[in-house]
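Asks: One-letter residues, chain by chain:
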Amino acid sequence: MTLLACHDLVVGWGEHSVLSDIDLEVQPNEILALLGRSGCGKSTLLRTLCGLLPPLSGEVVLFDRPLYAIGREERERLMRRIGVAFQQDALFSSMNIEDNVMLPLRELTRLPGSVMREMVRMRLELVGLANLAHRLPAHISGGQRKRAALARASILDPEIIFCDEPTAGLDPVLTADIDATLIKFRDVLGCTIVTVTHELESIRATADRAIMLAKGHVAATGTIEQLTQSRDETVFEFFHARTG
Amino acid sequence: MHTEVERRGRTALVRVRGDMAIPTARELYGTLRALCRRRDLDKVVLDFSATDRVDSAGAAVVGIMRRSLEHAGKQLEIASADERQAAALELAPPKVAHAPVEPQPTRLELIGDHALAIVATLRALGGLVADTLRQGLAVLARRRRMPAGSISTHVLLMGSDAVFIVGLLSFLLGMTIAFQGAVQLAKFGAGVYVADMVSWSMVREFAPLITAIVLTGRTGAAIASELGAMRVNNEIDALVAMGVSPVRFLVLPRLAALTIVGPALTLIATFIGIAGGFVVAAVMQNTAPATFWNHMTYRVEIGDFAQGIAKSIAFAWIIGLTGSHLGLRTGHDATAVGRSTTRSVVVSIFFIILVDALFATFISFGERT
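For the protein sequence lines, the chains are A and B, in the order given.
If you're matching positions, the first sequence starts at 1 in my numbering and goes up one per residue.
If you're matching positions, the second sequence starts at 1001 in my numbering and goes up one per residue.
Simulated from the structure, these hints should not be mistaken for laboratory data.
For clarity, every value in this text was computed on a predicted model and none was experimentally measured.
By construction, the Cβ of each residue, glycine as well, lies at the ideal position given by its N, Cα and C atoms.
All the pointers check out, no bait thrown in.
Which bits of chain A does chain B cover? Going by a derived footprint, with three or more residues having C-beta under 8 angstroms, they are:
{"hint": "1", "segment": "127-138"}
{"hint": "2", "segment": "147-157"}
{"hint": "3", "segment": "188-202"}
Label-pair ranges, simulated between beta-carbon atoms:
{"hint": "4", "chain 1": "A", "residue 1": "L108", "chain 2": "B", "residue 2": "S1080", "range": "30 to 38 angstroms"}
{"hint": "5", "chain 1": "A", "residue 1": "V173", "chain 2": "B", "residue 2": "R1123", "range": "40 to 48 angstroms"}
{"hint": "6", "chain 1": "A", "residue 1": "D23", "chain 2": "B", "residue 2": "L1168", "range": "56 to 64 angstroms"}
{"hint": "7", "chain 1": "B", "residue 1": "G1030", "chain 2": "A", "residue 2": "S38", "range": "45 to 53 angstroms"}
One chain only, chain A, in its complex shape (with noise of 0.2 angstroms):
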């Protein structure tokens, strides 16, 4: 089965287009990071990716079916699968964690209430922010918002979660600790995670594989090693800007 793939992809807005000739194919169980510099289509692409921003033109294929030429019951019952933590959070700013947390299971499944709030509780110890349950997102950090994002995100546990750079912004111990926690959620939930950063570090620390971006196309793709090890110019420079 095809998790997730795209195939002479056009993304942009309105009629401005970003990144276009897209092609990639998401391996199951794995970390993909989307690099790139500020402004060259990495956010953009990924909205169209989880279905949230019709391409200009081409195809993405989501668990097999064409994910823009299918019904709207057909797309809602495919983005289930799927979770998103987008980058300014996107939390309810009415609701406390606990709810936001636990919002897809009150809405999407029939699960007994004690259950839905072990999973919450067991979500929010993951990211670290058990004893935050009953505060509201405007009385926590913005990293700690970050992780409620992702913990809402996975709480169903997701084949696929998007996210949309984690751990900008964060400093290097919570950046390790959502790293950490996307690894976990690979190797214990089994989810495939599609990422967008531009944090070396973390990009090191977890993704098998990245799709660099740069002047509207796809400038490079491998493992991280063979990224670094690159001739390519862009991808010298993103790898290499500190060290010269």
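Given the structure of chain A, go ahead and fit chain B onto it with the hints provided.
Replies: Relative to the frame of chain A, chain B by itself:
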């Protein structure tokens, strides 16, 4: 998923076939819970040899059952779980550490909180009024400047779009007053006094009031939501950080525009409302235009116009200050903007009616003495 329960003395062996996942967790929960309640059991063995995938829901069910059995003095044993299943089960921590819940305030504390909130609101409103006056004086003395073109932009936004609705409502209101008045006055043979009634009530009362209500719904709500959205987006903080007064930059232009738009719309409402009254008087009572005009000019004095305009300025300031105050004090969550907008409409209308009543009381008292 399918579960088989086998009894071996005081031990129950539960064999789960298939996935222990979200779609099947409810059934598994029911089976294990029933076993948990049985008094003739000391131990439950959960056999994973025929189990495929264990997800968070499966792990949660096992975690709950482990605690329930322990609480009842029983034991849960996991058998034949592979590495991945064991790792998934480890997600459920053995001990429950409940998140601390904030203690609920007592009734007395709640009353105290409300009283303090009212005091804080009044203080903030007083601060806004004082700051507005200070900034206004600084602008008048040319020591400070308002953003270029801001007043004219707001006058256009607040005024031009409101002319039609204010005109239409006033016309209908003038007609309604004339209808009601004509029927009642005709009983006393005083039908011709419809002109006096319509013109006097429109100038002194209804035109300022209907204009204020329309401005509250359109402009006051817009001010509260605009400033509230700016608050949520940290734009107000950005102004403060730049050393730019949010009152001078945002509140003063809107208040100045309302000071122009309020009286202007009130005058338009007055004339259109009287025209509505004339149409009814002409159709129902065959009142000649000259008769209507004579009665109107005899009854309405320049002081009545001044009173209507004074009211409209007071109402405009109530609308502007309430909208600005609630907009600037909006919280940082998504629902806060909606709350501020709703409150601005309710509070503005309350104060408009209150001030209108005060005007009526003081003026009638002054006219008697």
